[in-house]
Structures are given as C-alpha cells and as structure tokens.
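Engineer: Sequence:
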Amino acid sequence: MPVTRFDVRVRRPLAGGAPFGPAGPYEELKGTLHFSIDPKHGANVRITDVALAPRDHAGRVEFESDVSVLLPVDRGRCSGRAMLDVVNRGNTVAVPNFNRATRPAFAPGSNPDPPVDPGDGFLMRRGFVVISCGWQCDLPDVPGLLGLRAPEALDARGNRVTGRVYTQLQTPEPVMHQLLSDRGHRAYPAADLDERDAVLLVRDQPDGEPTTIPRSRWRFARVAGGRVVPDASYIWLDGGFEKGRLYQVAYTAVGAPVLGLGLAALRDAVAWLKHGAPRDGNPAGDAVRSVYAYGRSQTGRLLRTLVYDDLNLDEQGREALDGIIANVAGGLRGEFNQRFGQNSKDRPHMMDYAHPSTDEELQRRLAARGSTLKVFYTNSSAEYHRGDASLAHTDPEGTRDVPSGPSARVYHFAGTEHGLGVWPPTDQKVTAADPSEPPEHSQNIRNTIDYAPLLRACLVNLDRWVTEGIEPPPSRHPRLADGTAVPFEALHAVFDRIPGARYPRHHARPSRLDFSVLPPRPGPAYGSLVSAVDADGNETGGIALPEIAVPLGTHTGWTLRHPSIGGEAQRLVFGGATIPFSRTRRERAALSDPRGSIEERYRSRDDYLERVRRAAIGLAADRYLLDEDIELTLALAARAWDHWTA
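Numbering follows my numbering, in which position 244 of the sequence shown is assigned residue number 281; successive positions increment by one, without gaps.
Calculated directly from the structure, the hints in this document are not laboratory data.
Nothing here was measured: the structure is a model prediction, and the numbers come from that model.
Incorrect hints may have been included.
As the list claims (entries may be wrong) - Across the chosen pairs, the derived CB separations fall in these ranges: (1) 220 <-> 432: 26 to 36 Å; (2) 434 <-> 558: 38 to 48 Å; (3) 262 <-> 631: 51 to 61 Å; (4) 641 <-> 518: 31 to 41 Å; (5) 113 <-> 527: 49 to 59 Å; (6) 508 <-> 147: 21 to 31 Å.
The beta carbon of each residue, even a glycine, is placed where N, CA and C say it ideally should be.
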C-alpha cells in the first residue's frame with residue numbers, strides 16, 4: 038500500500054465532545070500521512086515527471102501530506118461513508134460548505150490548529166468520516182494550511198530542470214514589486230535574473246490587446262529598505278504596478294516539483310481509508326466502504342483533471358473514489374499535472390484547459406474501461422459569466438448542446454455567485470479565513486444567495502446513486518434547445534433598464550490559446566453562453582432556489598470591480614450581485630425601476646414565506662432539495678425579507 042504510516046500530531050474531541058445524533062461524538066486526528074509509490078506502475082505513469090523524481094533504496098518515490106480526519110469516537114457508528122475534502126489552497130472546504138460552518142481564520146503566527154467549527158453537523162449526523170488531505174506543494178508559509186511536500190524533478194545528471202512559466206499578476210493597490218505567483222503562493226524562481234527573452238505584458242481586459250513593457254523598465258527584484266535588490270522570486274517595475282491592470286510575465290524558471298503527486302496523494306489517502314489495516318495507521322479500521330470527493334473552485338478543477346487523466350485507480354487496480362462533486366470549476370481543468378504548472382492559476386484566459394472540456398469528453402476514458410465512478414459537475418452563475426461553464430455542455434462554438442453521459446450530471450445553481458453568498462449584504466469582502474484572497478470591492482452589493490442546500494441534496498443523491506443504484510435527478514442547466522442558453526449580449530435588453538445594475542459593457546470570452554510558445558498565441562474565441570433571464574433579471578436556466586423563484590431582488594453571477602481597486606471595466610472574478618427590488622410602489626416610481634416592488638408583489642411577510650415554502654416543496658419533490666432543508670430555505674428567506682424591508 039502506498040501509505041506507509043500516519044503520524045498523529047493532534048487528537049482532540051470535535052465540538053467539545055457533543056454528540057451528533059446516531060453517530061455520537063466525533064474526534065479529530067491531525068498529522069502527517071506518508072506515501073511511497075512505484076513510479077513504473079501503470080497507476081502512476083500518467084503523473085508527469087514521476088520518472089524524474091528521486092527514489093529510495095526500493096526504487097519508490099516518497100512524499101507526505103498534512104491530513105485531518107474527523108470520525109466518530111465509536112467507529113462502529115460510522116455509516117460506511119467518507120468525504121474526501123480536497124482542500125482549497127490549504128483550506129478545508131467540505132465541512133464549511135456542507136455544514137454551513139465557518140472556515141478557520143489563518144494569519145502569520147496564529148494557532149496552527151484552530152478548532153473545527155462543525156456548523157449544523159450535516160455530515161456528522163450522517164456518520165461520515167471526513168478526511169482533509171493536503172495536495173499542494175506551493176502554499177504560502179502560513180501556519181495551519183494543509184499542504185504536500187513533494188520531491189523535485191531532476192534530469193539524468195541529477196540537475197534541477199528549467200522551463201518556461203507564464204503567470205498573471207493583479208494588485209488592488211499601487212505597488213512597486215510583486216511576487217511571481219498568484220495569491221502569495223511560492224513562486225518559481227527565475228533561472229537568470231538578466232534573461233533577455235523574459236516578457237512582461239499589460240492589458241486592461243483578460244482578452245484585451247496587450248502592451249509589451251520594455252525589458253529595460255523591469256527587473257527580477259523587490260524593494261527592501263528603500264533599495265531595489267535582486268530577487269529571483271519577485272518582479273519590480275519602474276514607476277510601479279497600477280491597481281487593477283492585468284500584468285502577464287513569461288520567463289524561464291528553475292526547479293520543478295512533481296505536481297502530479299498531489300493527485301496521487303488524494304487517490305492513495307482514499308484507498309488507505311477504505312482498505313488500509315490498523316497496522317497501516319488507518320484510524321477507521323474497516324468502517325469505510327464508499328468515498329466521495331468534494332472540490333470547490335480550484336479543487337473542483339483538480340477533480341476534473343483527475344477524471345480527465347483517469348487517476349482514480351490505485352496500485353491494486355481498485356477504484357479509489359466512488360463519486361465526485363466538482364463544484365464551481367466551470368469548464369476548466371488546470372495545471373495540476375504538468376512541469377512548472379501553477380496550482381493557483383484560475384483564469385480561462387491564462388490556461389490551455391478550456392478545451393477539450395465538455396463533461397462528455399471528460400468521462401470517455403472512464404467509460405472506455407467500464408469505471409463505476411459517478412460525477413456531479415455543479416456551477417454557479419459566475420462561472421458562466423467567466424465564459425467557460427457553458428463549454429462543459431455545448432460544443433466549442435456554442436452552437437449545439439452536448440450530453441453529459443450516463444455516469445455524470447451537470448447542475449447550474451441559478452442566480453448565484455462563486456461562493457455561498459455574502460451575508461450580511463455588502464459591496465466589500467475580506468476573507469479572513471484565507472490569507473491568499475485579496476480584499477474585494479464591487480460596484481454592486483454582492484450576491485447574497487446561499488446555495489449550500491443544493492449541494493447537500495447533490496451529496497445525498499450521489500450517495501443513493503452509488504450505494505442503491507437510484508438515478509439522481511436529470512442534469513439541469515441552460516440549454517440551446519429550450520432557449521435558456523444565450524450570448525452575453527442578450528441580457529443587455531433587461532439589465533440596461535434596471536437602475537444601478539451596471540451590466541458589463543465588455544464581455545471577455547476565453548479563446549483557443551496556442552501554448553507552444555509563451556506568451557501564448559491567441560486564437561478564435563469560444564462560443565460562451567450564459568443563462569437567459571426573465572423581466573426581473575433573474576435566470577431561467579438551471580436550478581432555482583426558492584429565493585430566486587420567489588424573489589426580493591435580482592441575483593446575478595456578475596458584478597464589476599470597484600474603482601477603489603482599479604480595473605472598474607472588468608468583471609470582479611467570482612463575484613455576483615444582488616440588486617434589491619424597491620420596497621414600495623412610490624420608491625419604484627421615483628427610480629423608474631421596471632421591476633415590481635416588494636409591496637406590489639407580496640401582501641405580507643407571511644404571504645411571501647408561504648410562497649417560498651411552496652417553491653421549496655416543489656424543489657424537494659424534484660429531489661434538488663432535501664425535505665429536511667425546506668425549513669432552512671424558509672429561514673434564509675425570512676432573513677432576506679427582514680433585511681430588505683427594514
């Protein structure tokens with residue numbers, strides 16, 4: 038077995054030892070999982086550069102991951118199910134998203150083992166074991182993040198390898214230098230500080246015409262003590278970097294960790310949990326039979342890559358994961374299994390992974406070998422307005438619908454932004470739980486819709502599909518066939534009439550990029566589509582939560598960057614908007630708002646909530662919502678009513 042041992046560093050009760058229904062009390066085991074894989078084994082040959090990794094005396098490649106395991110104190114109370122939490126930039130996502138819990142806040146010098154917030158205990162009440170496994174070897178040096186220590190690829194003479202890197206930098210405030218990576222991750226250092234072929238571009242839209250900044254105006258350096266000092270991990274620009282502008286740099290780097298070992302770590306951690314014996318350090322014993330992976334955003338793209346590269350078979354030829362929920366990944370994969378790949382890169386205009394992208398194509402290799410893996414691809418409206426989500430279910434030109442295949446479902450959470458909504462309503466967001474996230478400021482109030490109830494139904498449906506053979510509800514997303522998938526420009530007719538909507542005037546579309554050279558050569562744009570909207574501006578394609586079906590405002594997957602952070606003509610990546618209805622007919626008339634006011638739509642709070650209840654019951658009947666979450670949707674709707682009518 039590739040897992041050789043589990044060194045437990047922390048053992049502590051969850052929620053002070055409080056019971057979670059039939060599963061009873063939980064505990065957390067936290068430490069290091071050690072791996073050793075055969076680089077020549079068929080399960081591992083698709084891992085890029087694994088053959089160039091240093092080997093031990095037995096010819097195997099060793100690496101290790103930070104791991105947290107949450108499980109019932111009484112192992113006999115496990116339900117047989119486990120959740121692989123594919124941590125996002127070192128942060129846990131499964132418990133925060135499914136349990137509607139807060140993520141721990143990390144800061145330099147803070148507690149490396151902050152307590153786990155179990156939220157409402159959704160996963161624990163179902164007896165899930167939750168394993169959070171580090172897979173990323175370039176995390177910022179922040180205590181508490183779950184990462185991977187991977188070896189570096191070496192050439193035949195044992196030398197470090199070099200290669201071309203292409204990355205994008207953007208700052209919300211003017212600065213003189215920037216780290217050569219996204220969001221504070223470890224940079225690939227420049228091999229030659231004086232490299233003449235290094236290129237720095239600047240543009241004002243992701244697909245805008247670039248301007249080349251003369252090489253004489255910038256250096257691989259940073260400012261320290263008022264002086265410009267050489268530094269292979271930074272870039273300095275004479276006159277400084279302007280806020281909001283998009284800077285792209287291509288250069289030759291040195292030192293390439295074997296990134297694909299992160300995928301092996303996830304696969305083999307799951308195989309260990311399902312099949313490992315106590316002598317292997319498996320704390321669950323034989324309690325786990327089915328394992329589902331959840332990845333969000335970056336790690337949703339990682340799971341799409343795992344499916345595409347077919348890295349779900351372990352060294353014994355067994356399926357590691359039984360099911361996957363790849364959330365808010367759009368139609369993208371990522372640079373998770375390539376030399377000099379950048380784990381944090383997440384913009385379709387910077388990657389060569391928008392095509393082939395349809396989920397039917399992702400499933401082909403699995404289908405060819407008769408894999409039993411089941412996959413849900415779920416997206417918010419933000420990934421559609423980013424320009425790549427529709428490519429998961431249309432042809433590249435956006436001219437015809439493409440089915441997802443019998444072992445997959447594609448769901449669009451209508452009227453949502455990338456995250457679980459921002460509450461209380463604000464146009465500014467600072468993510469204390471993730472130090473790599475820059476502060477965000479938008480021109481609209483951020484989207485407030487919490488789509489966690491839809492995720493929870495997805496997990497239950499996935500589990501029933503795997504364990505009982507019960508088919509989940511059909512895919513639901515914008516379609517050309519029924520007119521719910523339309524070009525960006527089709528929405529202007531509605532949003533240009535809504536006061537303060539500020540619908541983007543420019544719609545950046547991903548294009549076919551030729552990565553045989555860096556910077557890549559641009560090609561034709563893809564046929565990106567978004568959901569059609571009704572007269573209120575709310576989306577008509579996808580799954581509509583009760584707060585969308587019975588609205589108090591317009592909820593979008595787009596909003597523009599605020600002038601305070603620059604780039605005000607650009608979409609705020611990942612952000613959406615909530616544009617509330619007027620409270621009264623008089624207010625609406627004063628604004629010349631074509632949308633009916635709250636007063637004109639609903640007789641009272643009780644009338645509104647009764648309509649929400651009926652919408653929730655209908656959604657539950659279609660199995661896109663759990664019966665137990667009908668009351669949750671009512672509570673969220675009541676919260677919104679009280680705020681917007683105050």
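Engineer: It remains to establish, for every hint, whether it holds in the given structure.
Structural biologist: Tested hints:
no. : hint                    : result
1   : 220 <-> 432: 26 to 36 Å : 33 Å, holds
2   : 434 <-> 558: 38 to 48 Å : 20 Å, violated
3   : 262 <-> 631: 51 to 61 Å : 58 Å, holds
4   : 641 <-> 518: 31 to 41 Å : 40 Å, holds
5   : 113 <-> 527: 49 to 59 Å : 56 Å, holds
6   : 508 <-> 147: 21 to 31 Å : 46 Å, violated
Hints 2 and 6 from the earlier list are contradicted by this structure; the remaining hints agree with it.
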